[in-house]
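Model the placement of chains B, C and D with the ligands on the given structure of chain A, informed by the hints.
Number of protein chains: 4
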Amino acid sequence: MSSCFCSKSQETEKRGAVSEDQLVISDDSTHPANLICELCKVFYNNGWVTGTGGGISIREGSKIYIAPSGVQKERMVPDNMFVMDLESENYLRTPLTLKPSACTPLFLSAYKMRDAGACIHTHSQAAVMVTLLYDKVFEISSIEQIKAIPKVTEKGNLMYSDRLVIPIIENTEREEDLTDSLQQAIEEYPGTTAVLVRRHGIYVWGETVWKAKVYNEAIDYLLELALKMHQLGIPTVKQN
Amino acid sequence: MSSCFCSKSQETEKRGAVSEDQLVISDDSTHPANLICELCKVFYNNGWVTGTGGGISIREGSKIYIAPSGVQKERMVPDNMFVMDLESENYLRTPLTLKPSACTPLFLSAYKMRDAGACIHTHSQAAVMVTLLYDKVFEISSIEQIKAIPKVTEKGNLMYSDRLVIPIIENTEREEDLTDSLQQAIEEYPGTTAVLVRRHGIYVWGETVWKAKVYNEAIDYLLELALKMHQLGIPTVKQN
Amino acid sequence: MSSCFCSKSQETEKRGAVSEDQLVISDDSTHPANLICELCKVFYNNGWVTGTGGGISIREGSKIYIAPSGVQKERMVPDNMFVMDLESENYLRTPLTLKPSACTPLFLSAYKMRDAGACIHTHSQAAVMVTLLYDKVFEISSIEQIKAIPKVTEKGNLMYSDRLVIPIIENTEREEDLTDSLQQAIEEYPGTTAVLVRRHGIYVWGETVWKAKVYNEAIDYLLELALKMHQLGIPTVKQN
Amino acid sequence: MSSCFCSKSQETEKRGAVSEDQLVISDDSTHPANLICELCKVFYNNGWVTGTGGGISIREGSKIYIAPSGVQKERMVPDNMFVMDLESENYLRTPLTLKPSACTPLFLSAYKMRDAGACIHTHSQAAVMVTLLYDKVFEISSIEQIKAIPKVTEKGNLMYSDRLVIPIIENTEREEDLTDSLQQAIEEYPGTTAVLVRRHGIYVWGETVWKAKVYNEAIDYLLELALKMHQLGIPTVKQN
Ligand SMILES: [Zn+2]
Ligand SMILES: [Zn+2]
Ligand SMILES: [Zn+2]
Ligand SMILES: [Zn+2]
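Respectively, the protein sequence lines represent chains A, B, C and D. Using the numbering used here, you'd call the opening residue of the first sequence number 112 and step up by one each time. Using the numbering used here, you'd call the opening residue of the second sequence number 112 and step up by one each time. Using the numbering used here, you'd call the opening residue of the third sequence number 112 and step up by one each time. Using the numbering used here, you'd call the opening residue of the fourth sequence number 112 and step up by one each time.
Same shape as in the complex, but just chain A:
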């Protein structure tokens, strides 16, 4: 797999048949396949997944649901979903005409290394811009919205004056290299719930899909605010 966009040369793995519709068709609006479609529309309207960019995955027990590559996010339907068994990494369902998301190994990293319940990847312009201004990490402190972000290494959320630190990894031509550096960042920053990718975007995960969504929203708010602070020459880490 070579990118989060549709890779033309990529062979669709056909371990699961497209007839496994019961895995994704449900009247329950909280079914992962339905939630992915709903959230993709929200993210599209925020400008985070423009032009088929970005991705989202939800885990339910040992099954992970993944939005496909190359489909317009605001037009996603449950029938488009890939379903994978987390342990074996075999596809339980593969839509015949679609290609799996190149984000899949990155989502798997969050599931396996952090026991995440969902993982969101956006091409948010605020995320891209912040990676052009910061070097190894993005840092911000003493903004109330920081309280929405979890400490991860212990229970509870960051305090108002705590410093939020999000590592920035370098983008790569080849997806495999991005997986390696994402895993390294997750190890080096045990307290982070997100990783920025330079000139690319951001990965955010959480214990549940709703927590992942809230973390992503709060982080994007902080990235936007940081850019406005930078424009006025105000440091994002408050000096005392």
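Read the hints as simulated data drawn from the structure, not as lab findings. Be careful, since some hints might not be right.
Copies of the same chain are indistinguishable here, so a pair counts whether it falls within one copy or spans any two.
[What the hints assert, rightly or not] Heads up, simulated BS3-like pairs for lysine-lysine below, C-alpha to C-alpha not over 25 Å straight-line:
(1) K262 to K223
(2) K247 to K349
(3) K262 to K349
(4) K152 to K174
(5) K152 to K322
(6) K339 to K247
(7) K266 to K322
For chains B, C and D with the ligands alone, kept in the frame of chain A given last:
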């Protein structure tokens, strides 16, 4: 209570039973529980209550309705509402699985000190940014939109060339300290219908929910405009 | 009348009875009372009529329909509309609990001096900001969108390289003085279909409600673009 | 034809009768006439086709569907559509009261020179602004979103570190001259799927309507990002 976000360690006070559904379930779209849900969606779409931030409360006679902590604002339903008796400060209704908003003592200040009918709290980025540029108060004059803001100490609204002054209080780690300084600001600025909180957001109240909404909207417009004026080096208080 | 916002001291003129409902209640979505409500929602979502600011009026033959003062634009209903006879300036319909828009004499100027079919007034932030950067007139040339603006003094629209000139009048505490200067601007600039009001907003009119809407939209686009050009030091009137 | 806006002096060519309704009336939401209306609403909400500006056309086999001139994009209905035979350039359907889009010869260029399936023209402010900052071409490299853009001259999309180059042509008073320079740009830049028009906007095409939409979205994202990078003094082509 430690923040407007969900405080994990906080004990939910169970003075009222969740069976008191008749307090919040109504076909009337103007019922406070319905209005709170409707307005939360509007505020979410404005980017004012991102990531479960912010809050809103409406008073109807001696009953106050308060949106809970930690619930995504755009997904709020009437069943999520807390109801409190204003005088005794006892909860008349407490949703079992939710925590009361940490904004509650701040909302109570507006109700008790100003006889407000509703109080809105947002994490508007314009509000946060303005508190990074102004010291003790935000001031603006000679903008038509100022006419939407009430004089408070006497009948009627501000005139075009009047100076709108909104006090800025310092944010605190602990909610109790914020309540004290909010009350002090309300006393020191008898003509204000809003208080800015540094690096946090804004509290706005009004005689009715619609007035509070209009004041909040008009103030946010003025805060945004002030930031644009600042960028161009134009003072927000017109010099004659 | 003292402002486009609700003037508390102002006596509602009760020349028409509120029972004249047939003037505003219609199943036809193109009825002026319905169109005003629909367009107010559009303008609200554009941030042009925040906090009850701004106004709109449509003329049908000798009857003019006017949105009331002090009502939230996105919650307007046909029953809120005032109806006036253009020639006598008598109200044909006066909603009992509402106050007529203070914009009324300004709308009348566009109807009487220019035979307009509709007049739109917004508090667009782009309009306000432009009046802080330009002196007597706003000018822009050589932008394709200019072709959406009419020549007024002759048939057809401006050409690409034509110069769009919109006069700027000073805002006033008292509405009457604004009416005078608006009329003067209309006389001095026979080719204009809009007048900017310093630190206040803009008035735009057209032969029909749709033309007024398109002109207002195109002008606001040009005002926004002019602000971006200013930020980059690019003159809005192209130098050859 | 003199502009993308309604040209008053232009004779409507009545080669086809308006009774040819079967060409545009369909229950199928993917019918070109329905898709044009749907996408015009999306583009309007993005601010790309404000004030009747811009245009869109879809080809189905030898028939091309074209949105008319002078109609508000968000209020377009299938009955407004022109239908033309690509080879003969004869109109198969001409709505009686409407004028054909002045973009028609430009759309035809994309169909004939590139075998496009759809062509989108917007007055995006990001497009206009970029043409004020760049000379002969707009260039950007090493941004992940570039991967959404096709190579055109060979299969597949651009790589992350590839340089996206979009030619900029000069705007003209007369439409004919724009057609000539657009065709010249298409010839000179065989790898481009878009052409910017100075002080005017952008033309984007693709093999299908969905590809054209995705390309246009991804390019606009890159144009916006380029403007933000310029503001911070960061070159859009990454230097190694
Ligand atoms: Zn990506
Ligand atoms: Zn708060
Ligand atoms: Zn006004
Ligand atoms: Zn055009």
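Between copies, within a copy, both or neither: which fits K339 and K247 at Cα up to 25 Å?
Close inside one copy (20 Å) and across copies (21 Å); limit 25 Å.
25 Å Cα threshold - placement of K322 relative to K152
both (18 Å within a copy, 18 Å between copies)
Give the relationship of K266 and K322 under a CA distance limit of 25 Å: within one copy only, between copies only, both, or neither.
The answer is within: 14 Å in one copy meets 25 Å, while 40 Å across copies does not.
What label fits K262 with K223 when the C-alpha limit is 25 Å: within, between, both, or neither?
Result: close within a single copy only, 19 Å intra versus 36 Å inter.
How would you label the pair K247, K349 (within, between, both, or neither) given a Cα cut-off of 25 Å?
Both. Shortest intra-copy (18 Å) and inter-copy (18 Å) distances satisfy the 25 Å Cα cut-off.
State whether the alpha carbon distance between K262 and K349 is at most 25 Å within one copy, between copies, both, or neither.
The answer is within: 19 Å in one copy meets 25 Å, while 35 Å across copies does not.
Give the relationship of K152 and K174 under a CA distance limit of 25 Å: within one copy only, between copies only, both, or neither.
within (23 Å within a copy, 32 Å between copies)
Violated hints are absent here; each numbered hint is respected by the structure.
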